[in-house]
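Visitor: The task is simple: from the sequences and hints, build the whole structure.
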Amino acid sequence: NKLPNLKCFSLKCYPEINEYDNKILPLLRRMSYLEKLTLYFRIENRDRFIDGTHLQNEILVDMPRLHSFNFYFSTHHNSADLFHHVSSQDIQRTFTNIGQQHVTSIVNYIYADHVVCSVFSLPFIFDRLIDIGNIFPNNVFNYVTYLLVQDIIPFNHEFFI
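The letter at position 25 of the sequence shown is residue 25 when you use the numbering used here, and the numbering goes up by one with no holes.
Treat the hints as calculated values from the structure; they're not laboratory data. Mixed in with the good hints, there may be bad ones.
Result set (DSSO-like, lysine-lysine): computed pairs, CA atoms no more than 27 Å apart in a straight line [as the list claims (entries may be wrong)]:
id : residue 1 : residue 2
1  : Lys2      : Lys12
2  : Lys12     : Lys36
3  : Lys2      : Lys23
4  : Lys36     : Lys23
5  : Lys23     : Lys12
6  : Lys23     : Lys7
7  : Lys2      : Lys36
8  : Lys36     : Lys7
Guide: Following this line, the structure appears as structure tokens:
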């Protein structure tokens with residue numbers, strides 16, 4: 001049930017989804033001949049953050065011909081107690097197995113009980129950057145036309161210079 005003629009695939013979903021593991025991953029596993037892949041997802045109520053280990057073991061391992069992988073994954077969870085010990089540095093360390101490009105990760109507590117982990121490839125090619133907080137990466141976002149900034153800590157960052 002593979003898709004041998006599919007070499008390039010792009011899927012962007014701006015609203016939050018909760019069927020990533022049940023619908024998206026099985027679809028991606030059928031695309032073992034891909035050479036270029038672009039994904040943009042905001043995933044809600046997943047019991048684990050999307051990190052480098054997940055991308056390597058659940059997506060990249062099935063795509064040996066892939067040479068270009070651009071992505072933005074934002075994992076939302078409404079029970080911050082589960083993730084209090086997870087930092088951006090912890091997530092960043094999981095990307096050691098991905099050699100295609102540079103990656104940034106941000107763990108942001110939007111509310112006391114709502115945590116978001118965003119991971120994305122650099123350079124950032126997407127037009128939306130959502131749920132970024134006080135821990136703002138020191139990167140250039142040339143294509144962003146929609147920016148949503150939220151945090152439980154007051155802002156001290158100058159966004160528009």
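Visitor: Within 27 Å, alpha carbon to alpha carbon, are Lys36 and Lys7?
Guide: With Cα atoms ~6 Å apart, Lys36 and Lys7 stay inside 27 Å; holds.
Visitor: So if I understand the rule, the pair passes when the alpha-carbon distance is 27 Å or less; does Lys2 with Lys12 pass?
Guide: holds, 21 Å
Visitor: With a cut-off of 27 Å on the C-alpha distance, tell me whether Lys12 and Lys36 pass.
Guide: Holds - the C-alpha atoms of Lys36 and Lys12 are around 14 Å apart, at most 27 Å.
Visitor: Next pair to validate is Lys23 with Lys12; report whether the Cα-Cα distance is within 27 Å.
Guide: holds, 14 Å
Visitor: Lys2 and Lys23: Cα distance at most 27 Å?
Guide: holds, 15 Å
Visitor: Would the pair Lys36 and Lys23 pass a check requiring their Cα atoms to be no farther apart than 27 Å?
Guide: holds, 20 Å
Visitor: Are the Cα atoms of Lys2 and Lys36 separated by 27 Å or less?
Guide: holds, 16 Å
Visitor: For the pair supplied as a hint, Lys23 and Lys7, is the alpha-carbon distance within the 27 Å limit?
Guide: holds, 20 Å
Consistency note: the structure conflicts with none of the earlier hints.
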